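Quick mapping for you: the protein sequence lines, in order, are chains F and P. Using this note's numbering, read the first sequence as starting at 1 and increasing by one per residue. Using this note's numbering, read the second sequence as starting at 1 and increasing by one per residue.
Don't read these hints as lab results, they were simulated from the structure. No experiment lies behind these values; they were computed from the predicted model shown. Among the hints, a few may not be true.
[Unchecked claim] Subject to a maximum C-alpha distance of 20 Å in a straight line, what follows is the list of computed SDA-like cross-link-like pairs (lysine to any residue):
1) P:K411 to P:T481
2) F:K320 to P:R425
3) P:K50 to F:I106
[To be verified] Part of the chain F face toward chain P, derived, beta carbon under 8 Å:
4) I2
5) P24
6) G56
7) W60
8) L79
9) N88
10) C136
11) S172
12) H184
13) L310
14) A321
15) T322
In this text, a Cβ means the ideal position worked out from N, Cα and C, and glycines have one as well.
Number of protein chains: 2
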Amino acid sequence: MIIDFLADYYRDVEKYPVLSQVKPGYLQKCLPESTPHNPEPIETILEDVKKHIVPGLTHWQSPNFFAYFQCTSSIAGFLGEMLSTGFNVVGFSWIASPAATELETIVVDWLGEMLELPKSFLFSGKGGGVLQGTTCEAVLCTIVAARDQMLSQIGKENLIKLVVYASDQTHSAIQKAAKIAGIHPMNFRAIKTSKLTSYALSPDSLRAQIRKDVEAGLVPLFLCATVGTTPTAAIDPLDKLCAVAKEYGMWVHVDAAYAGSACICPEFRPFIHGVEGANSFSLNAHKWFLTTLDCCCLWVKDPSALIKSLSTNPEYLRNKATDSKQVVDYKDWQITLSRRFRSLKLWFVLRSYGVHNLRSFMRNHVKMAKLFEGLVAKDKRFEIVVPTNFAMVCFRILPSALSETVYKNGKLGMVSEEDANEANRKLLESINMSGCVFMTHAVVEGVYVIRFAVGATLVEERHVITAWKVVQEHANAILSTYEP
Amino acid sequence: MIIDFLADYYRDVEKYPVLSQVKPGYLQKCLPESTPHNPEPIETILEDVKKHIVPGLTHWQSPNFFAYFQCTSSIAGFLGEMLSTGFNVVGFSWIASPAATELETIVVDWLGEMLELPKSFLFSGKGGGVLQGTTCEAVLCTIVAARDQMLSQIGKENLIKLVVYASDQTHSAIQKAAKIAGIHPMNFRAIKTSKLTSYALSPDSLRAQIRKDVEAGLVPLFLCATVGTTPTAAIDPLDKLCAVAKEYGMWVHVDAAYAGSACICPEFRPFIHGVEGANSFSLNAHKWFLTTLDCCCLWVKDPSALIKSLSTNPEYLRNKATDSKQVVDYKDWQITLSRRFRSLKLWFVLRSYGVHNLRSFMRNHVKMAKLFEGLVAKDKRFEIVVPTNFAMVCFRILPSALSETVYKNGKLGMVSEEDANEANRKLLESINMSGCVFMTHAVVEGVYVIRFAVGATLVEERHVITAWKVVQEHANAILSTYEP
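In isolation and in its complexed conformation, chain F is listed as follows:
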């Protein structure tokens, strides 16, 4: 019944408004005030899902979803998740389900090899990987490990002096993780980037900031470098940044949440060149790697640093296998004790696609993004704001196109950058309210850009072409009546 329901959902998902059109509070009005006293049949509940839940979904699996970064699903990932839900084991330590731990150590090595991560990040070297829920958790774990390692050298009373570095394009998760870990909020540095470096973090800016902090008596702790930033998919230069960090004995984490997956293709691998100088590396397999939410892969060179910070050994969890030190107990590699059997779905995806088809899957998206970029470039009213990396295109209506309209309409008025931002904001809103497609935005150096992220499992060229037509139609409407 549920399988049929989901099959119908995927058949029809393309027809639904991508962005849900409900108003805040809609659901409260549809559901009873409290839990029923007596059981209700699954059929009744499923009816309510159709009637009340589906209209309130923003359809992330629609091929017309081009917002944020995608959260891809696949039959293999779904089946793996079903099995893991069915077994419902809690593999916090090896003994609590050896297969859950061992399969995880195996698949993170498989994936690490596909990425050509240095041996030092793999169990087959002296490192290792772990599957967590999200990058937020992964980064928190690494900051805590770095923090404790540093404080063990300089004394716990110096927590207040530790500084975390990132760029102003870095995901907000890093700042949040630093704050949770007790890093003083004033000691988070979001270093300015600019169009000159395509919004990549400049090693010189990093060094300058570090020097300033050291002079002020602070202690550089942690650098998060990003491969594929959220606003524009910018790529920080890992090799040079790691070299700077090394001078100051800092921990470097590489956040490749979105773009890391693509690096299994030889043509994208150069973007993580220099990763050998980092301490940890993560990507979200639920983003562009078909595993369904959630599955973040984190590799570290020195698992003992994680374990020192995150291990607990209460008597009620003690067991011979742990005492023997022959096994991995993943509870000591993460924030939480309980953990789902996530490796099963990643294993299903790796095997049922194989390296060849996984590469094709991502290359196909990159090709479609290039197609979209080409369409935008042909329309002189628009500009591509930053070079397209991976499968994301950042574009906007040009201020000049707005000025021209104003002039054509015989009206007066200068079009400022702020006016252009406002026009692009309106354009995006009108596109999204149509329900035909869903895109989101970013602001870089004060410029409002529309992000077009290709990556849905079901997306085809025709969806991309239609999406561009939708953009043009809405742009026409906005331009025809435009006044600054």
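Given chain F, work out where chain P should sit, using these hints.
For chain P alone, kept in the frame of chain F given last:
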């Protein structure tokens, strides 16, 4: 195919050795060294699951699993999880899938009302609830909220003075969360409990410790009280503890991870009497509430305290609904940004069981635990170490039974408490290695006890009776040849 596989699994699970019998490293030998280049059919992967994964599972869903606390599954929970995996939406903010947010606010209120939580913890009052992965995350969020609230009053440089309180029976998750949040490791107080209070935290001991800390210039921050501790299901007296904490302006969190679920039964509700004095309350619906892993419900009186610490508002996530402040954005109530649509499975469980059957489910387990307790009590060689709370029995072979054996066998030697511990350890190991049942242990005031936790979805009286026979058989064997 997968459904048939799982149906067979549940049919046969009773016959498998509960505790997996594999040796460390077994799986590496069964699987290839790297990801296949070409796709493999699902049938082949599923064959490998049967052959290589199932033997490496410790079967948490077996009716013969009496270890730790259970992680219950149900058809309703499974179907809800399938739907949420199928939709695969990421409801970090309201706009990203309104139904995911709104259903969550509704079900946490439903469950809160079933627990008769004060209105102040519910959205229908001024509080609210959130579904997170595990108690570890929930406690970390509350410690961070309490920390930032306190530091905003006394200055961020005083982080080093903050103290977190719990009992020596409190789950290790609390100490770990405090450490992650940057609380100085020396400022975690695990206050001693004893058999006199059945291992509940004494309000007098708490007050004495707080006074000492205040005199030393430290700042009391946070108390975690537990209803149903992991070692012995002990119950901290919430009303009195909250009164002490209130005197010092501390945040009180109630960890009812295991036993909270049972409090939907009027006869168990008194165990959370006094919760109105706490700031936050959590239980794991994946433990005793049939939702499958993972689903921790956290309620707070003052959501703004959480939000102040955990909110982020990067430009690329900005939207009109958020700006209107008419909606809940759950990303600001938790560690992570991305989040699974967990409310769906909890909603399925609540409706497909109804209040009546949920209560019966738990009462039935409590009844079976009493049955087991009765069987143990009848055998004079054993003792029930602490009064049985909820559905967990703590028992051991008595030192006197060991002495008697020694005497009967005509041998010499005193039986110390340590000898008794060693004998009980051996008993448990021999029981678990048989594969017939799986139980775990705890140590309280130096006494090794065997924990028998009833709570598997499929457990019936016959399994409990058999489990006791298994214990007796293995005890007979150990006693027959016993020497200290």
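query: Given A321 (chain F) was flagged as interface, is its beta-carbon under 8 Å from a beta-carbon of chain P?
result: holds, 6 Å
message: Does T481 (chain P) sit within 20 Å of K411 (chain P), going by the straight-line distance between their CA atoms?
response: holds, 11 Å
- request: For the hint on T322 (chain F), just tell me whether its beta-carbon gets within less than 8 Å of chain P.
  value: At 11 Å from the nearest chain P Cβ, T322 (chain F) fails the 8 Å test, so the hint is violated.
message: Tell me if the straight-line CA distance from K320 (chain F) to R425 (chain P) falls inside 20 Å.
response: holds, 11 Å
message: C136 (chain F) was flagged as interface toward chain P. Is the shortest Cβ-Cβ separation under 8 Å?
response: holds, 4 Å
message: Quick check on N88 (chain F) please, does its C-beta sit within 8 Å of some C-beta on chain P?
response: Cβ of N88 (chain F) sits 4 Å from chain P, so the hint holds.
- request: Hold the hint about L310 (chain F) up to the distance rule: shortest CB distance to chain P must be less than 8 Å.
  value: This interface hint holds because 7 Å falls under the 8 Å limit.
- request: Tell me if H184 (chain F) is really an interface residue toward chain P, meaning its C-beta lies closer than 8 Å to one of theirs.
  value: holds, 6 Å
- prompt: Given the hint that K50 (chain P) pairs with I106 (chain F), does the C-alpha gap stay at or below 20 Å?
  reply: holds, 17 Å
message: Does the closest beta carbon of chain P sit nearer than 8 Å to the beta carbon of W60 (chain F)?
response: Given a least distance of 5 Å, the restraint on W60 (chain F) holds.
- request: Using 8 Å as the Cβ threshold, decide whether P24 (chain F) counts as touching chain P.
  value: Since the shortest Cβ distance to chain P is 5 Å, the answer is holds.
message: I2 (chain F) was flagged as interface toward chain P. Is the shortest Cβ-Cβ separation under 8 Å?
response: holds, 5 Å
Of the numbered hints stated above, the single one contradicted by the structure is hint 15.
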